[in-house]
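Asker: Please construct the entire structure, taking both the sequences and the accompanying hints into account.
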Amino acid sequence: MAAILTNDNIAPAVFRMVVVAPEVARSRRAGQFVIVRPGPGGERIPLTIADADPERGTITLIYQVVGKTTAVMSLMDPGAEIADVAGPLGQPTHVERFGRVACVGGGIGIAPLYPIAQAMKAAGNDVTAVLGARTRDLLILEPEMRAVVDRVVVVTDDGSYGAKGFVTDALRGLIDSGERPDLVVAIGPTIMMKMVSLLTKEAGVRTLVSLNTIMVDGTGMCGGCRVTVGGQVKFVCVDGPEFDGHQVDFDEMMKRLRTYRRQEAESYEAFRTRHRCRLMERNAEARG
Amino acid sequence: MSDDGNLTAKQRLKIPPVPMPEQPADVRRANIREVPLGYTPDQAVAEAERCLMCKKPVCIQGCPVEVDIPHFIRLVRERRFHEAALVVKQTNVLPAVCGRVCPQEDQCQQVCTVTKSHKDIHRSVKIGNLERFVADWDLEHHPDIEVPDVRKTGRRVAIVGSGPAGLTAAGDLARMGHDVTVFEALHRPGGVLVYGIPEFRLPKAIVDREVDNLRRLGVRIVCNVAIGKSRTLEDLFREGYEAVFVGTGAGLPIFKKIPGENLLGVYSANEYLTRANLMDAYNFPHASDTPIIRGHNVVTFGGGNVAMDAARTALRLGAETSTILYRRSEKEMPARLDEIAHAKEEGVVLRMLQDAIEILGDEDGWVTGVRCLRMALGEPDASGRRRPVPIEGSEFVIPADVVVVAIGNGPNPLVPKTSPEIRTNKWGNIVADPRTGKTSMRGVWAGGDIVLGAATVILAMGEGRKAARSIDEYLRTGVWEESPAAEAAPAPA
Ligand SMILES: Cc1cc2nc3c(=O)[nH]c(=O)nc-3n(C[C@H](O)[C@H](O)[C@H](O)COP(=O)(O)OP(=O)(O)OC[C@H]3O[C@@H](n4cnc5c(N)ncnc54)[C@H](O)[C@@H]3O)c2cc1C
Ligand SMILES: Cc1cc2nc3c(=O)[nH]c(=O)nc-3n(C[C@H](O)[C@H](O)[C@H](O)COP(=O)(O)OP(=O)(O)OC[C@H]3O[C@@H](n4cnc5c(N)ncnc54)[C@H](O)[C@@H]3O)c2cc1C
Ligand code: SF4
Ligand code: SF4
Ligand code: FES
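Sequence order for the protein chains is A and B. For the first sequence, the residue numbers in our numbering are 1 to 288. For the second sequence, the residue numbers in our numbering are 1001 to 1493.
Because the hints were derived from the structure by calculation, they are not lab data. Among the clues, some could well be false.
[As the list claims (entries may be wrong)] The calculated lysine-lysine pairs, modelled on DSSO-like cross-linking and capped at a C-alpha distance of 30 Å, are: (1) Lys234(A) / Lys1256(B); (2) Lys255(A) / Lys1257(B); (3) Lys194(A) / Lys1256(B).
Remember, it's a predicted structure, so these values are computed and weren't measured experimentally.
Answerer: If you want it as C-alpha cells, here you go:
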C-alpha cells in the first residue's frame, strides 16, 4: 500500500501524483520505473519515477490518461492508497560526462526525461532540452527543466508556443549549428523516437531512447515487453528501458503496442461511460 | 479397527483403484474451477484398503521428502484423518498442494509395490489422492494451525522469493523461533503456485491459506520488492539480516528463436498463464483490467506441465481448437500422466513428432499460422531420450491466431547478476551445496528452481527445508564451514 499525498492535474489529461514509497525513493536512479497496480482487479502498469524525495520518502509519477488504469488513477484522492507500487525496476541511465547532451522530449515523455536531464547536468554535461508538444497547453515541466539544464528549446506542432514544428526540426537545427551534441537522449511517442533515431543515425550522433512497451511483471518473467534491438530479442523491463536508438526495431515495437487496442478501448469506454462527469471535472478526458 | 489380517495381500491387490470424482470434461472446459473434486471419507477409506502396509515401504523412498506413507494411510483406514494429516505434515508442509500437483507417477506411486505387482502405473495405491484428501479434510476441520510456543531467538533471516522453496524455508525457520521476512517481487505471494499453475489444477485459496498460516507463525511477507533492484543481498546484511535464503525460481521464459516469435498473439507460457491466473484475465473486462487475446485456434509448443496448463487455459478462454505441438512422442512427454489425460478428455489435440519452424503472420503483425515439420526419433541424446530428427520435405502449416511457447524456463538472473560473489553454473543456476543449500557467498543459501532448474514443487520444498536446517545451525553456532560450492568459487577480489 502506498498513500497518495497529492494528485494534481497539470495539463489536459496529465497528472502529477506524489506517493509515499520510502524504499523506492531512497534507491531509485534516473531512468528507472515502478509498476503500479491501483487496486484489486487492477492492471499492473509501468510508470517512470519522475522525481523522488528520499527525505520525505516520496516519489513523483507523471502520467497521461490514455486508458482505464490511468483514468482510475486520475480519480484517486489524496489520502487514498495505491494497492501496489513495485520498484525501482529497470536499468538506470548510464550517466557520465559525455560533453554536450541533447535531451529530446515529446509530450508525456518529458516526464521520464526530467530526472535524466538532471543527472546529465549533475555529471558535468552541457545540457540542451528540446521539448515538444502538440499545443501549448500540453507542454509539461518546462519551468522545472529550465531550472536544471543549460538551455531549453520549445516546439509545438501548431506553433502556439515556441517554434512551430517537430522536435526533429529543432534537433536538426542543433546538429547543424556546429554545437553538435555528443549524445542525444530521446523520450516520447514511439514514432517520435523512431524519427529522432533516423535523423541522428544519419548525422552519426549516439542516441539513447527509452522504450514504453507493454509490461506485466516488470521483472523479466513474462517476456511480454520484448523488442528486437540489433537483431537480438531484449526484455525492456530488465535489459532496458533504455537502448541504442539506432538498433531498435521501432516498426515491430509499434505493432506490438497495438496488441490490446480493441480490449483497452472496450474497457476504457465502459469506465468512461460510468464516470464521465468526474473525469470531465478532473480534466482527465484524453483525446478530446 | 481394520487390521492387516482382515484381508490378505492377494485380496487387497484385487481391489480396483477408487477413481477421484471429476467435473465432466464438457462442463469443466468452460469454467476455471478445479477439475478433480476430491474423495469423500468413504472413498478415501476404500482406497486406503488397497495399501499392503509393506514391511519395506518402498513408496517412502520414492518421495523426495519421505512422507511416512503407510503410517498415514493406516490412519486413514482407521478414519483418524486429523492424525493422518499430522503424519504427512511432519515432512511435507504443503500437502494440499503436493497431493494435487506432485508427479506421483514418477515418485511415490511409481515404486509402490502394488504398481509393481500389476506392472501398471494406473493401478498404484493413489497416494497423492489420499494425501490431498487428508490435507483438505484437515483444512476444513482444523483450519487454525497450532502456533508453537517457541522461544524467539531474535535472529533475522531474509527469504527472497515466495514460491514453495521460500515458503517452506520461512515456515521452518519461524517454527525454530527466528525472525523471518519474505521478500516477493510480485504483488501476491506464492510463486508459480499463484502465477503459473492454473486455478483448475490448484485453487488459489489453498495457497492463500498456507500463506496466512505463515503470517500466523509470525513471518513477515513484503511484496513488491525485487531484491537486486531496490536492495542487494549486501544491503540485507547491512540492515541486520544474518542469513539469506534465495528461492527466486526459474522464471525466465525461453523462446524458440524461430522467425515470427514477436508477432502479435505470440506469448511465452509465463505471460499467458500470468495474465490468466495472477491477473485474472479470465474475467476481463468485468472484474479484471488485464486483457488477454482469446484465440479461436491456439497452438502451444512443448510437452510439459506448463504446455498442458497453457493448452487447457486456452480452452477455458473460449478457444475452438487447442493444439499441442511436441517434437517427440507422447511417451517422452514430461507432463504428468493425469494432466495429459485431462487435456485429451477436454479436447486438446496432441500433435506428436512435429516441430514448429516458423510462425506466420499478416501485414498488421498478427499470427495466422505455424509452419511445421514432421520428426522421427533417432539415436538417444545426452538426456537419454531419443533425439527428434526432421523428416525432409514434410512441411505443413496449421492455422493459429494465438501461439504459446512453453518449451522451458531459465533461472531468474536478478540476484546472481547483482551479487557476483554468488557462483552460478553455465546455465545461470546458482551453485549450492546439495547437502545444505549453502552458496559460495557467506550467509547466503539457495534452493528450489533457481538451483535445480525448472523442477517440481516437492523438490523445491525439500530444498527450502534442508536450507532452513542449515541456516538454524549457522545461527546457533556461527560456523560457516566451507562448502564445495564455496571452494570452487573464484576467490573474492
Ligand atoms: C518503462 C515505462 C515507463 C513509462 N512511463 C510512463 C510515464 O512516466 N508516464 C506515462 O504517462 N506513461 C508512461 N508509460 C506508459 C504507461 O505505462 C501506459 O500509458 C499505461 O500502461 C496505460 O495504461 P491504461 O490502462 O491507462 O491504458 P491502456 O488502456 O492500457 O492503453 C491505452 C493506450 O496506451 C497504449 N499502451 C498500453 N500499454 C502501454 C504501455 N505499457 N506503454 C505505452 N503505451 C501503452 C496502448 O497501445 C493504448 O493505445 C511508461 C511505459 C513504460 C514501459
Ligand atoms: C505452469 C507451470 C506448471 C507446473 N506444474 C507443476 C506440477 O504439476 N507439479 C510440480 O511438482 N511442479 C510443477 N511446476 C514446477 C513448480 O511450480 C516449480 O518447480 C516450483 O514452483 C519451484 O519453486 P521455487 O520456490 O523454486 O520458485 P517459484 O515458484 O518460481 O517462486 C519464485 C518466486 O520468487 C520471486 N522472485 C524472483 N526473483 C525475485 C527477486 N529478485 N526478489 C524477490 N522475489 C523474486 C518470483 O516472483 C516468484 O514468486 C510447474 C511450473 C509451471 C511454470
Ligand atoms: S509429497 Fe508427493 S511424492 Fe511425497 S508422498 Fe506426497 S504425493 Fe507422493
Ligand atoms: S509401497 Fe504401496 S502398498 Fe506398499 S506401503 Fe507403500 S503405498 Fe502401501
Ligand atoms: S514485463 Fe514481463 S518480462 Fe518484462
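Asker: Now tell me, hint by hint, if it's right for this structure.
Answerer: Verification of the hints:
no.	hint	verdict
1	Lys234(A) / Lys1256(B)	14 Å, holds
2	Lys255(A) / Lys1257(B)	19 Å, holds
3	Lys194(A) / Lys1256(B)	28 Å, holds
Violated hints are absent here; each numbered hint is respected by the structure.
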